Amino acid sequence: MADDHHGPTVRIYLAVFASLMFLTALTVWVAFQDLGMFNDVVALGIACTKATIVILFFMHVKYASRLTWLLAGAGILFLLILFAFAMADYVSRGWLGMPASHYLQ
Amino acid sequence: MAITEQDVQASEDAPSVNYLNNGYGLKSWLLTRDHKRIAVLYIISISIFFALGGLFASLVRFELMTPEGDLMSSDTYNKVFSMHGIIMVFFFLVPSIPATLGNFLVPIMVGAKDLAFPRINLLSWYVYVVAGILGTIAVVGGGVDTGWTFYTPYSSTYSNSNVILAAMAAFMAGFSSILTGLNFVVTIHTMRAPGMTWFRLPLFVWSHYATSIIMLLGTPVIAITLVLLMLERGFGFGFFDPNLGGDPVLFQHLFWFYSHPAVYIMILPSMGVMSEMVAAVARKRVFGYEFVAFSSVAIAILGFLVWGHHMFVSSQSTYAGMVFSVITFLVAVPSAIKVFNWTATLYKGSIVYDTQMFYVYGYLGLFLVGGLTGLFLSSMGLDIHLHDTYFVVAHFHYIMVGGQVMGYLGGMHFWWPKITGKMYPDIWGRVSALLVFLGFNLTFFPQFILGYMGMPRRYHVYPDEFQVLNVASSLGASILALGYVIPGAYLTWSIFKGPKAPDNPWGAKGLEWETTSPPPTFNFEETPLVTEEAYQYGPIEEH
Amino acid sequence: MADHAVHHDHPHGLAHQFEDMPQQKESAIIGMWSFLITEILFFGGFFATYLIYRSYYPEAFFEGSSHLDISLGAFNTAVLIISSLTMAMAVHKSHEGNKKGIMVYLILTGILGLTFLVVKYFEYSAKIEYGLVPGLVWHPHGENSPQLALFYSLYFGMTGMHALHMIIGIGLLIWLFIKTAQGTYTAEYNAPVEIFGLYWHFVDIVWIFLFPLLYLLGTQGGGH
Amino acid sequence: MQTDFPLFPDQASSFAFQVDALYFGILALCVFFALLVVILVVIFAIKYQRKSDDEVPRQIAGHLGLEIFWTAIPAVLALGVFVWATVLYFHLITPPPNAMEMYVVGKQWMWKLQHPEGKKEINELHVPLGESVRLTMTSEDVLHSFYIPAFRVKKDVVPGRYTNLWFKATQVGSYHLFCAEFCGTEHSRMIGTVHVLEPQNYEAWLTGGTANEPMEVAGERLFEQYACHTCHKADGAGRGPSLVGLFGKTVALEGGGTALVDEAYIRESLLNPSAKVMAGYKPIMPTFKGQISEEGIIQIIAYIKSLKAPELTRME
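The listed protein sequences derive, respectively, from chains S, W, L and H.
Take the first sequence: its position 17, counted from the start at 1, is 19 in our numbering, and no numbers get skipped.
Take the second sequence: its position 117, counted from the start at 1, is 123 in our numbering, and no numbers get skipped.
Take the third sequence: its position 116, counted from the start at 1, is 1000 in our numbering, and no numbers get skipped.
Take the fourth sequence: its position 9, counted from the start at 1, is 203 in our numbering, and no numbers get skipped.
It should be emphasised that the hints constitute simulated quantities derived from the structure, not laboratory data.
Here the structure is a predicted model, which means the values were calculated and not measured.
Take the hints with a grain of salt, since some may be wrong.
As the list claims (entries may be wrong) - Simulated crosslink set (EDC-like; lysine to aspartate or glutamate; CA at most 16 angstroms straight-line):
#, chain 1, residue 1, chain 2, residue 2
1, H, 427, H, 448
2, H, 483, L, 1027
3, H, 470, L, 903
4, H, 301, H, 489
5, H, 301, H, 334
6, H, 306, H, 489
7, H, 470, H, 448
8, L, 1011, L, 947
9, H, 301, H, 318
10, H, 301, H, 380
11, W, 354, H, 334
12, H, 470, L, 1027
As the list claims (entries may be wrong) - Derived list of chain S stretches under chain L, where covered just means 3 residues or more per stretch with a C-beta under 8 angstroms from a C-beta of chain L:
#, region
13, 16-25
14, 64-72
What the hints assert, rightly or not - For each label pair, taking beta carbons as the anchor points, the in silico distance ranges come out as:
#, chain 1, residue 1, chain 2, residue 2, range
15, L, 1072, S, 39, 51 to 57 angstroms
16, W, 502, S, 75, 49 to 55 angstroms
17, L, 988, W, 201, 41 to 47 angstroms
18, H, 218, S, 54, 53 to 59 angstroms
19, W, 147, S, 72, 42 to 48 angstroms
20, H, 294, S, 39, 39 to 45 angstroms
From the three backbone atoms N, C-alpha and C, an ideal C-beta is built for every residue, glycine too.
Make a model of the complete structure from these sequences and hints.
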């Protein structure tokens, strides 16, 4: 049974908070730098990092049972399945070079 | 109300206190947190919707006896088949076994006093009822004519019917099934009795675990899809209408992300029922227990990767279609594993010819046809011809009615003595099982032929050459209806006049047969200690 | 949510269906995570829609995004992160059974949540004023108009759904506050505070993704 | 079977036979497995009927070899069927290069069909025997699905997009044309007839009807009516690119990237001109959205297709 009285300390919470604020500032700053298509990559990368930090520390997953890892992982895995399989259709529509695959408007 | 009369009856016959007689009056039922009483509430409300959906089905079959639209207008016909689909899918098939038998049996089978969250369980029933009322308002207030699939842009822009209300009803019914699934997942994880390891769980519990995974992961996507649909229809937010910049095919992706796995919500619980009944009928451990258990989980997970097979002719990319097609073929494998293992369970068994046996055999026959015809539809080259024809209609009715409804009725007969504490006349059970089997085949087998000949689904009028087979189908439907009415009659009779049921009338294995019939409020006098494998009718021989 | 029926032979806060407190607490946490999975997929439908249309109409999405106020968005991001910290502290205090500590941090969390909603209200008002609400008040008439409307449909859909979660969260927070004031939560029985914390952090995470996707992509004005 | 009670559809296209072969192939597989299981369970029911109420049979836990056997066999068979069906699918969706072009517009609740020579039909389609026909289809309102059971072809007709379908009729006769995707009240009356005629009869039918102008002529008239020719000059000296010989080419775009000039590209350029501007030109073209009907757009496309580059004509 998960008894998480040994969760993170206040010191860790403050460190997590500081890094989240720093990453927020960073993502705004990066947005104004012209990195071409990498603007999106960096912005999403920072968002994923922030989310991971929140999940691990604020939501105690780092200290939780394997089952919690499994549940959180399952949610993210099926989210990726939804993205990947739906995008697969849209990305590959053009591959046969037929008008059917083109979107019109 | 039937409930309170049932109460009184139970109190006269049963000497001990059980879940039925430990409180009287409407309030003790409507505010109950006992999973068994909530299951009974679900049985009553689901039966009402099954009857309503069946009524719409008979109207459809009546109309299709002639090629012309002479019984009702096209508009009415479209509303009738749409309401048939919406009610049967969202208000009967999805909750049918999980919310009734699952609700009643999962805690007992794992040896718990109740589900983990009894209040949430009651909440799920209320959400279901509110959804049902919304759905009924949608019907009474003019109906909805989009089909249960709500395809855009017809549903979002062109239809003049109560789309928003119906979508809202489906949304809420989905919410109710999320709450049920959540309760099952937590209960199975944390509340197993001492000694009840994962591989001692009855296969019924495994299949409900797999079903709950789908409910948790799939249902929210249909919920958001319906929200987007309502926003588009209500406010003119563009998501799926090409005139507003959207893509109608995206709706289909999001819709089938849930609605294909939902087919497994509808069939997996009945597979669990089958495993229990096969073991009891043959008085034998289910052959290849681990394979049957894992095949449920495999079906649940693979089921999320195949939704695009509903879209082979929708202008979806050919390459995406190929991926969806090949995974669809792979889903056939775990289903085949189950069928072979059930067959092997019967080998050298001790087979009794009671009502359960009739349902087991009927289920096997119908599920075989339903499952195998899925191969035709997952073949891209053939699906071009078969898509949206009566072949598809026949296929999914074999799965959902031949599979799930046979499982539901069979399970009801199997556990009826446990739920009510009363026995029903076995001969009538066998007669009705036979009627359902024959009526079902006569109704839906002709539709395979109709489909290959090219009759599209959702047709109000049709060319003359399709009439003979349509008449045959309608005749079968009347036999099928009879097969559904008879159990309703003798099961109700048994509540009042049936002989009292012993604790274990079938000599079956499982924790639910070790407690009294009906069980006490907290299921067991004391927490059971599990020391043996599931279905251990005798010493188990390994091969 | 756990059942609060009090039994005399049971520890305080233990519901009848559970054997002991750890089992009850584990059930509550797993139950909340199961619910959060459904929430991930619920917002996931929105994000998938966003992803697909974004990849089809990058210009319209850049244009739509450039009308949003980055400073307000960044401010709200900071507000939510601070509220996550105070929520985490409330959970921390609940482990100690520190009633006063829980109450202080819950109030702070609530105030920050309300701040977020107030800022959101001003942002929405500005959009209504400029006629950027598809279907209701829509002023743009350029060739990109439908695609721009698509961006704003997603903007209002996603932030609206997020705001709805915030409102529900604040409602639950008030209920928790009352329960805490009544002395319901102790060092042994604090699962409701803990699982509410999970919910609150999840809502924060959704915003962590909404902020760059909706606000920040307009800065490069068609960077591709 | 006689025609008043048929149990099988006509085989009237070049791939009807192949689709039916796949159908019967899978059917044989299904019948084999269904019979196998049914015969086994019936034998078991008879042979192992419960003799006495306290009978307990031997408990067999399972057999790993058997499990692997009946996992592998269905998996291999299923993958075999997948390959067969997918190869057939690619054949069914890939039109031969010399196919005749016809156009379909679906709307609630009728099919509007147009021949390349300009002849228009409603809910009827005349096609020549033995000639490959490629349909380019779109919808004015909701989803429809173009379905000819006797040809074993079907494809959804999607608003805002062109979809394609092709067939080669192999048997003279009249066949059903259905709408297979639910499209509203009169869905089941959105049906028509496909007439397959001998080629000479088809020619006679084409010329015998009312004098419709060919599609490219109508397109040319629209081209002038909307003053397209003032910018898109044939010699390339206008403010827009010359359209001569442009169809089917891949062009560079302003701001990078390329685009294939096909039906969809032309339609997009008419409705949303600034989306993909050819390299070297300014985004000055106005949108024609709401001004030209879907049929008009198809006619302009036909006209642009007919503008062949001179050397190409010589090569042919």
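Checked hints:
Only pairs whose Cα atoms come within 16 angstroms are accepted, and residue 427 of chain H paired with residue 448 of chain H is rejected, the gap being roughly 20 angstroms. Distance hint between residue 483 of chain H and residue 1027 of chain L is fulfilled; the C-alpha atoms sit about 9 angstroms from each other, no more than 16 angstroms. A distance of roughly 67 angstroms separates the Cα atoms of residue 470 of chain H and residue 903 of chain L; the hinted pair therefore is violated under the 16 angstroms criterion. Distance hint between residue 301 of chain H and residue 489 of chain H is fulfilled; the C-alpha atoms sit about 12 angstroms from each other, no more than 16 angstroms.
For the hint linking residue 301 of chain H to residue 334 of chain H, the alpha-carbon distance of about 5 angstroms falls within 16 angstroms, and the restraint holds. Between residue 306 of chain H and residue 489 of chain H the CA atoms are separated by roughly 9 angstroms; this keeps the pair inside 16 angstroms, and the hint holds. At most 16 angstroms may separate the alpha-carbon atoms for a hinted pair to count; residue 470 of chain H and residue 448 of chain H meet this at roughly 7 angstroms. For a cut-off of 16 angstroms, the pair hint linking residue 1011 of chain L to residue 947 of chain L stands: about 14 angstroms separates their Cα positions.
Distance check on the hinted pair: residue 301 of chain H and residue 318 of chain H sit about 14 angstroms apart at the alpha-carbon level, within 16 angstroms; holds. Of the pairs offered as hints, the one joining residue 301 of chain H and residue 380 of chain H holds, with about 11 angstroms between alpha carbons and a cut-off of 16 angstroms not exceeded. For the suggested pair residue 354 of chain W and residue 334 of chain H, the alpha carbons sit about 63 angstroms apart, so the restraint of at most 16 angstroms is broken. Annotation: proposed proximity of residue 470 of chain H to residue 1027 of chain L holds, straight-line Cα distance about 13 angstroms (limit 16 angstroms).
With 5 residues bearing a CB less than 8 angstroms from a CB of chain L, the region 16-25 of chain S meets the requirement of three and the coverage assertion stands. With 4 residues carrying a beta carbon less than 8 angstroms from a beta carbon of chain L, the region 64-72 of chain S meets the three-residue requirement, and the given coverage holds. Evaluation of the 51 to 57 angstroms hint for residue 1072 of chain L and residue 39 of chain S yields a pass: the beta carbon distance comes to about 53 angstroms. Separation of residue 502 of chain W from residue 75 of chain S is about 52 angstroms and conforms to the stated range, judged on CB atoms against 49 to 55 angstroms.
About 46 angstroms separates the C-beta atoms of residue 988 of chain L and residue 201 of chain W, a value consistent with the hinted range of 41 to 47 angstroms. Separated by about 55 angstroms at the C-beta atoms, residue 218 of chain H and residue 54 of chain S satisfy the suggested range of 53 to 59 angstroms. Look at residue 147 of chain W against residue 72 of chain S: about 45 angstroms separates their beta carbons, and that is inside 42 to 48 angstroms. For the pair residue 294 of chain H and residue 39 of chain S, the beta carbons lie near 43 angstroms from each other, so the given range of 39 to 45 angstroms is met.
Of the numbered hints listed earlier, those contradicted by the structure are 1, 3 and 11.
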